[in-house]
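Colleague: Listed below, chain by chain, are the residues.
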Amino acid sequence: MHISNGIIGGPVSLAYGVVAVGLLALCLGRARQDLNERLAPMAGLVAAFIFAVQMLNFPVLPGVSGHLLGGALAAALVGPWVGALCVSVVLIVQALVFADGGISALGLNISNMALLGTAVGYLALVALLKLLPRTAAGVGLAVFGASIVSVVLASQGFVLQFVLGGDVPLTIGYGQISATMAGVHALIGVGEGLIAAAAVTTVAKVRPDLVYALRGSRLERPAPGGVPTKVFLLGGLAVAAALAGGVSYLASGSPDGLDATTLAGCTVDADGVITGGSCIAQQATDHELGGSFLADYGIKGIDNATGLAGLIGVALTFAVGLAIFWAARRRRHAAAAAEQAPAPVAAEK
Amino acid sequence: MGAGHTHPMYVHGHSSVHHFAPEVKIAASVLFTVVVVATPRELLPAFGAYALIVAALAVLARIPAGWLARRSLIELPFVATAVLLPFFAAGPRTDVLGLSVAVEGLWAGWNILVKGTLGVLIALLLAGTTPARDVLVGLDRLRTPQAITQIALFMLRYLDVLADEARRMRIARLSRLDDPRFLWQVRGFAAGLGTLFLRAFERGERVFLAMRSRGYTGRLPAALHEGSVATARQWAIGAVVPALAVVVLLADRFLV
Amino acid sequence: MTALLLDDVRYAYPDGHQALHGVSLRIEPGERVALLGPNGAGKTTLVLHLNGILPASGLTGSSGSVSVGDRTVDPKDRPGLAEIRRRVGLVFQDPDDQLFLPTVGEDVAFGPANLGLRGAELSARVDEALAAVGMGDVKDRAPHHLSLGQRRRVAVATVLAMRPDLLVMDEPSSNLDPQARRELAEIVLGLDVTLLMVTHDLPYALQLCPRSVILDGGRIVADGPTRELLSDTELLARHRLELPYGFAVPVA
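Protein chains in written order, with our numbering: chain A, 1 to 349; chain B, 1 to 256; chain C, 1 to 252.
Don't read these hints as lab results, they were simulated from the structure. Careful, some of the hints might be misleading.
The following label-pair restraints were derived from C-beta to C-beta distances [as the list claims (entries may be wrong)]:
1) SER16(B) / GLY61(C): 34 to 44 angstroms
2) GLY80(C) / GLN33(A): 52 to 62 angstroms
3) ALA163(B) / GLY61(C): 21 to 31 angstroms
4) ASP74(C) / LEU73(B): 25 to 35 angstroms
5) SER231(C) / VAL64(A): 52 to 62 angstroms
6) VAL240(B) / SER63(C): 27 to 37 angstroms
7) SER174(C) / ALA232(B): 27 to 37 angstroms
Positions of the beta carbon are idealized from the N, C-alpha and C atoms, including for glycine.
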């Protein structure tokens, strides 16, 4: 479900294509430094891993299943350069061999999913790792937060592409689109983040040297009497939700044209890795739909409520956070404790 | 497994389209898609002509219409977008079947629908007539950096292996009563992903060691890339498709 | 009560390939039975029927019934299926498919935790299972860093921790060095459990299982004392089974 042909106009697609090729060349060079002559087999296996990850469905609710986008996961495990390169190869093969994602939109999709998603995820991860302790819980939390930031900010990239090349004047302000996109993607980010966090901590415990973001430093045992895992988890959720919600709220406050959110996307670009904004294309489309629905509600209901859609997004995000909290508590008491395991695990999530 | 890796999108066949040099097919597909996307949405006859070209190619390649229809469902989310756009676009409105829709939105929806559909059909024709390996050979001959085609080569080779591992791990989890139905119960799944990465990475290391012990120094031997390179005649024939599209576009633009 | 009862089990894969052509088998509690057969005989397919992984519910082309103790496998009955999966412990051929958590202890705890155990009860169960396979001292190690023989023993522990009524092992001896192979045999002989062992390691079958069943082409073609079946060279040759070079069935 990558962006298909015709959604974004030709000149913008072309421009993104040129930018993508340039940045891909940069990634290729840096990836070669990371892996040298091992590049082809190693990156090939990592790309196969990402492809496989995108094919595996996991349950979200009974009857609803999702799959990972894998950008933040790849960035945490193999670093931004190899990660972006591998996701790009996956996208190229999907477009040419599996007819998934428009050929003319390949540049858009690559800058979205491969470049922006991975770069933002990695920057957020590095920042969070500086703040959090190097325990399994700390690393898991950092990956969790980075996934949310990556997915949410990247979704704004799609909005930017739409502003630049969507050539449809909408009754909905771009601010509202971006707000609803941020809200919906915060939800997706929570799911993506939970799974990526558990996956990375699993690797970190067994082979810390394979987690690029840790650079081989071993995990510390949680300090006795330190902050309990659950507090960590809840704190992280609250921060992430507030961040995602806050961004969308800010955005919805400035209803027209380029707004806070899209500008935030551009700032990231200025941070050095990406010069064009972009978004997680894989799911952007449904969420564009979701966005339309919510935005419609805002318009028809209350004329003035430019922030309503954003607020709904925030509320949904918190609802999910609460649900997870509730489930965590219930799990402690209920007999059907699915994941409770002896001591080392307690620190995991 | 092994050489001649096929994939679910490939329709086995021996038509002239199947036997065409992959680099020509890729180039023609990309150019054709670009022309379609660059066509102004108001030029309705042009899109009709494009559809005819696609249909003619499908007949030539003996790709069943049902297969094309089923596979193009991948585009469904975009169809939904296209259907919704008329209701959200600004500007003058008109009535269709008693619903008030924006004229501009109708055009935008049509634009996405027609270009998206044509694009998917072109990509399906390419994927349906070209085995994955040949696509990579074609990309290689089109001067794609070798690193990219090599990574893709390894990826396709081991994708099935990894998917198989993931499937066996899932069965082993189910056998021990793992039955996740909510997002917060997927720790087993997520830990499995971590393990899958470990195994993929270490397999990569072993593959590399096995390659190096056979003299690999970072480049695949050029001999592997030789073979029937596209002839000038094939290029000329292949160029007909996008050229036809350009002719249609120009004719429509300036004559109609 | 019968430990395992298969009645005319037929199964076709979604692509139409018929893997099982009516398999009937009865195993009494406490028996140790070897399931012999060449590659592609349908052994793994049969094993996946024993705990209801196959047939997937709603799949056509499958018939027959599988009962474990007093329960019949019904793919649509989720709680029933959970009980079946507790009773039937599958040990897969590749221990890496089974072991996916960062430490041995966590992995052994996975099954019983899914049964609802926790706290002291859970860790007691883990210790008991690891002790049963002589791996109590690797509880905090990563499965990743163990030898194949050790991993296979841990894989047995992950299943024993669920206290199964029927232990099913798929090719337990494959790729093991002679010492690990012998150690595993000693462990299996020491377990008080009904055993179905899938293998084409015929001496191993002889050592561990008084009774053997030969599956070929999706049908059971022989069922009897292991010693008798292995002495029938013509029967073995017909079903592409071979004793190792120089091996003769010892006279009892």
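Colleague: None of the hints should be skipped; say for each whether it holds.
Modeller: Outcome of the hint check:
1. SER16(B) / GLY61(C): 34 to 44 angstroms: Distance hint for SER16(B), GLY61(C) holds at roughly 39 angstroms.
2. GLY80(C) / GLN33(A): 52 to 62 angstroms: With a Cβ separation near 56 angstroms, GLY80(C) and GLN33(A) satisfy 52 to 62 angstroms, so the hint holds.
3. ALA163(B) / GLY61(C): 21 to 31 angstroms: 24 angstroms, holds
4. ASP74(C) / LEU73(B): 25 to 35 angstroms: Given a distance of about 33 angstroms, which is inside 25 to 35 angstroms, the answer is holds.
5. SER231(C) / VAL64(A): 52 to 62 angstroms: Given range 52 to 62 angstroms: holds, Cβ gap about 58 angstroms.
6. VAL240(B) / SER63(C): 27 to 37 angstroms: Violated, at about 56 angstroms.
7. SER174(C) / ALA232(B): 27 to 37 angstroms: 56 angstroms, violated
Against the hints set out earlier in the document, violations occur for numbers 6, 7.
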